[in-house]
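K.L.:
Listed here are the chains, written in short residue letters.
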Amino acid sequence: MEVSLVVAGHSHVAALAGPKDPPRAGTELVEIEGTSVSVLQGPWPRDVNYWAALADAARERMPAIVWEGDQHNAAFLIEPTPPVDFVLSAAPDLPMDPRASYVAESQLRALFAPTIDPLGPIVRRLREISGGPVLVAGTPPPIGDETAIRTRLPNDPRVVAGAAERGSDIASIGITSPYTMQKLWSLIQSMVAETTVAAGGFFVPVPDRARGADGFLLEQYWSDHATRANDEYRREMLTELAAAAQAATDPAAASPGNLE
Amino acid sequence: MNSNDELPDRQRWASVAARGLKPAEIGTFTTPLIRASDTVASIGTKLAAQLTPLLRAEKFNILRAEPPHPALADIPPEADEYLSFSSGYGEIRSARELLQLIRRSSRRFTPKEDRRQDGDIFVDLFRPGLKYPARSDHEFDLLLDRHLNSVRSVFRRCSVLIVALGSSEIRESKVDGAVLPIPFDRSEGQLDPDRHAMRTLTVDETIADLEAAVAELRAINPVIRVILIVSPEPLAATAAPVHVVAASAYGKAILRVAMERAAQLPGVAYFPAMEILAPLGDRAFDAGGRTLTAKAIGAVAAAMLAASEGGDIVMALAKDSPEALAAFIPAPSLDEIRGATIAERRKKRAAEQQQDAGADAAIASSEPDAEFSKLVRARERKDRKSKRVIVADKPEKPARKRREKPKGTLAERIAEKQRRALEAESKG
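Residue numbers (our numbering), protein chains in the order written: chain A, 110 to 369; chain B, 18 to 445.
Simulated from the structure, these hints should not be mistaken for lab results. All C-beta atoms in this analysis are idealised placements derived from N, C-alpha and C, irrespective of residue type, glycine included. Accuracy of the hints is not assured; some may be wrong.
Some, not all, of what chain A presents toward chain B, calculated at C-beta under 7 Å [what the hints assert, rightly or not]:
#, residue
1, V139
2, P192
3, V193
4, S198
5, A200
6, P201
7, L203
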């Protein structure tokens, strides 16, 4: 029997919900046609009522959370001065940006932790309420083609505003090396996975089939935004979540973990 | 001179006691310790770190390499110990550690044992308290390389390096002689007798280490000047089978002797922080007896400022934190610093600078490495004017009339005094 899922969380949820606009007030469960997945829509930023609505929905559906996932773009897509790079302990052989000032992965962990730590209590609470597994979904990896990123920057109001703040125009502003962005993304995925597992949940990473050999988002999943994936990616991720939900209910998957 | 009475006031305890102790007089310097144009770096014990904010407050240019990246401004800062110095080397306590760091920064020495894996992290054995350690060997290598480059850039860019050392006791690797920080805290790891040994450096070793340190600093930066200080803080513990107070005094005595010798090198000065604070005894420390009070640090800084270019800035310090000086410098001395002595000193210094500038210009026009030649020249001047003292250069008082040497032994004189007193009493 197919498991009913309720997907909820931060900005990447909107991509999973499809083109429908979120309600201006209150929350709304949007059924995704042809699937057993519903997406919990609600106003931004997420407030206590939104998470309460998820808790209610979790009594009947397995919750799947999309947690943050955009911190690297917010902090680093526009290149800081000096540029930053680091060694990712999980993939220490990834190339380093020779222009960059090297920082410690543990410093970046400290930077991202305040946005990731609150996930743990939410997973625990949802487990108590639902009495079953809680999934946490990975978020889209970055695009690896710098030219493709640049052409998409004007579609991102946050980047346009950031460039204006620095007195630069969007065409000439420096952007962080794609490999550094991939490392930052990977670090965030690892931290979310660690927090999820520690709280007894299951982490559902972005499927390998969505990423190229170099780890970047495959071109077929690019959208017109530098930091968002397209509708095809949405379908892949929903399929992945549905499969993960089945796997999580399998007695063999009784212990929480990374559903890779 | 064949009598104490003929010596300058500052050389006689009786005069010093009568006039009140003047910390700024204790040092003997032939040139300003720090010049307004200098870039100052610090290394060593906490005292080295504690002095620099006071120097910065007086507009001296303090070098700070390895600043936190601005994109990480929101995370908790690195542990104080690694933020307080010109680079993130943490406390350096012995001459051997100083030399070792210079050599590591030049890649002339690479310790065989430099890290310990502890779960997900790789602890730097030379900087065990780092808040943001590496999480892989590769990251460790890269962060260490960045750090050592930063250390080398400090040595290359500063014109004055303040070196405050506090211990002669070291924890030495039996493998390659590397000196590791002594783990006062159990969490920093226990001494492994198979790999490490505790011992106290000898005077000769310490002299050799300091002289080598200066030579190797000069190889990096030919014009660097070094100010050597013995930190007065006692040891937290000793591995030697003696009382910690005895070990502490012994270690500092070794450093003091070695620094005296090293200060004979051109461009190296000894600054008497320990001597300035010694008369204060326990009052220089907090209730725990090991940490210098803010007042004590202020007094050392004030004396250092007084010996530096624009010595009158000592007044600014006194104005900002009157207790820093008032507690230790008796009023007449402070008045003197504020008053005519400053004017006299300025006048004399201006004349000297004019004279020095002429000589330096001549050297600069004739020799390729003008800055270094200036140092040599300064050294020659020092030798010529061995009695020249910038601080407290009051005109010498005329020799006092010599008292007649009393007759008889001390016991006989006391007995005579008592006899006279009894006679006077019986007459009365």
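K.L.:
Evaluate each hint against the coordinates.
P.N.:
Here is how each hint holds up against the structure:
1. Hint status for V139 (chain A) relative to chain B: violated, with the closest Cβ pair at about 35 Å, above 7 Å.
2. Here the hint on P192 (chain A) is broken, as its CB sits about 9 Å from the closest CB of chain B, past 7 Å.
3. Given hint, V193 (chain A) at the interface with chain B, holds; its Cβ is 6 Å from that chain's nearest Cβ, closer than 7 Å.
4. Checking S198 (chain A) against chain B by beta carbon gives a least distance of about 4 Å; that is within 7 Å, so the hint holds.
5. Interface restraint check: A200 (chain A) against chain B, minimum CB-CB distance 10 Å, threshold 7 Å, status violated.
6. The criterion of a C-beta within 7 Å of any C-beta in chain B is met by P201 (chain A), whose closest approach is roughly 4 Å, and the hint holds.
7. The beta carbon of L203 (chain A) comes no nearer than 10 Å to any beta carbon in chain B, farther than 7 Å, and the hint placing it at the interface is violated.
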